[in-house]
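Number of protein chains: 2
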Amino acid sequence: MDASALLDLLGNGNRRRILRLLARKPCYVTEISEHLGVSPKAVIDHLGKLEEAGLIESRIDEKRRKYFHISENLRLEVTLAPYDFGMKSAYPASPSLDLSRCQYLSLETTRWTVSGDRTDSDASNNGTADGADAAVPDLIEELDELEDLERELSLAQRWVHGRIASVLDRLGDAIDSEESLDTEILAAMADGAADPGEIGDAVGAPPAVIEEHLRRLEHREIIERDGGGWTLADA
Amino acid sequence: MDASALLDLLGNGNRRRILRLLARKPCYVTEISEHLGVSPKAVIDHLGKLEEAGLIESRIDEKRRKYFHISENLRLEVTLAPYDFGMKSAYPASPSLDLSRCQYLSLETTRWTVSGDRTDSDASNNGTADGADAAVPDLIEELDELEDLERELSLAQRWVHGRIASVLDRLGDAIDSEESLDTEILAAMADGAADPGEIGDAVGAPPAVIEEHLRRLEHREIIERDGGGWTLADA
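Same order as they appear, the protein sequences are chains A and D.
Residues 1 to 235 in our numbering are what the first sequence spells out, letter by letter.
Residues 1 to 235 in our numbering are what the second sequence spells out, letter by letter.
Treat the hints with caution; some may be incorrect.
Intra- or inter-copy, both count: the list cannot distinguish identical chains.
[Said to hold, decoys possible] In the SDA-like style, the derived pairs of lysine to any residue whose C-alpha atoms are separated by at most 20 Å in a straight line are:
1) Lys88 / Asn14
2) Lys25 / Gly86
3) Lys25 / His69
4) Lys88 / Glu184
5) Lys25 / Lys66
6) Lys25 / Ala165
7) Lys88 / Gly192
8) Lys88 / Gly204
9) Lys25 / Gly204
10) Lys49 / Ala205
11) Lys88 / Ala202
12) Lys25 / Ile175
13) Lys88 / Arg17
These aren't lab readings, by the way, just hints derived from the structure by calculation.
Please model the complete structure; the sequences and the hints are all you need to start from.
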């Protein structure tokens, strides 16, 4: 979808809160309404707009209740500068397609980094004759190269984005959970958090909620108790 | 400024059109109002919000008329995926600070790219036992690494963004013009566009406007006539 339409949707705080909630776990209308303190009617209105744009989808559970989840996988980038206002939205790049491109990016970055002269004179920004009298063709060439590099970085970001989505998906399958809070807890534990307080700080949830999730993860033998704290179970 | 506040501002189509206009050249309220077909009162209201947020600034010209220009230099990135909704806004990274980081990124990208096994099995996405039975700790490690790489790519983007803004600034000084259309015309010519039609297509402006700018750039000896077309003057 185009960047303007996406900005129109994301320009609303409650729609952002709904997306944040759905990124944690699929929800019913009533759950969203209670969590956000917004009337079911308003929630349905926001969900309708998000669904129409294809950002979310609904499913019917076994009790024939409708619940919503994020279906779209995309990135939005906005750049603002005195002579530049640009925005683009893009889908994740295919993992296979981008492998070679990332290699190219790597070469490009290296080439750029080692072309020290120009970079240094610019970095010091001390208005030497060099900088002040920079010839127009040189500046245009530099601009061209920077714009190429920007496009490549953007492509690499879309590649990483696709990879992260795929790993999160596989992680959700592996621990048989639709709640991304479980994933976030495991990621925080991988980062060294060992007790509910530390984990709660890392993921932004109260210790009581964390403890409940930890017990479920223990029950599934994904984590185990280690002294007073918790640790990831061996593979 | 924080990403939510920025999205609130960018969620309005007329504010985006104002920013697009100001990125081309600094403008008076009446210019913006006429160009957008929006009442001066509404334009003043939007400008007030943009100015309050620090995205734009006003100056007074020699006739004591107020005009506006973009003052802020920032990037916004939003990521949406089934288990992920994240947004961040950031200022350009300092050119000197990031030089070494980019080198690190380059190494990281290479390392990642050459670790072919994992990438290939994921890329083919054919549900082999490997993929299906991926151990939770392995997936979490992969997620951790991808998130590091994402942070580095984002930092590299901010570095490039800062560099582009600096080059555009110097280019504006070098050709003594506050209108970014001049810069865009020169960039299009560097890309091979040689006549007003081609240049107009590249920058999205009518040939008549392009011709007027070309004549001014010729007058300043930045470009010169070359047969039926135009070419950049030698440094």
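Numbers of the earlier hints that this structure fails to satisfy, in rising order | When the structure is compared with the hints, numbers 7 and 10 turn out to be violated.
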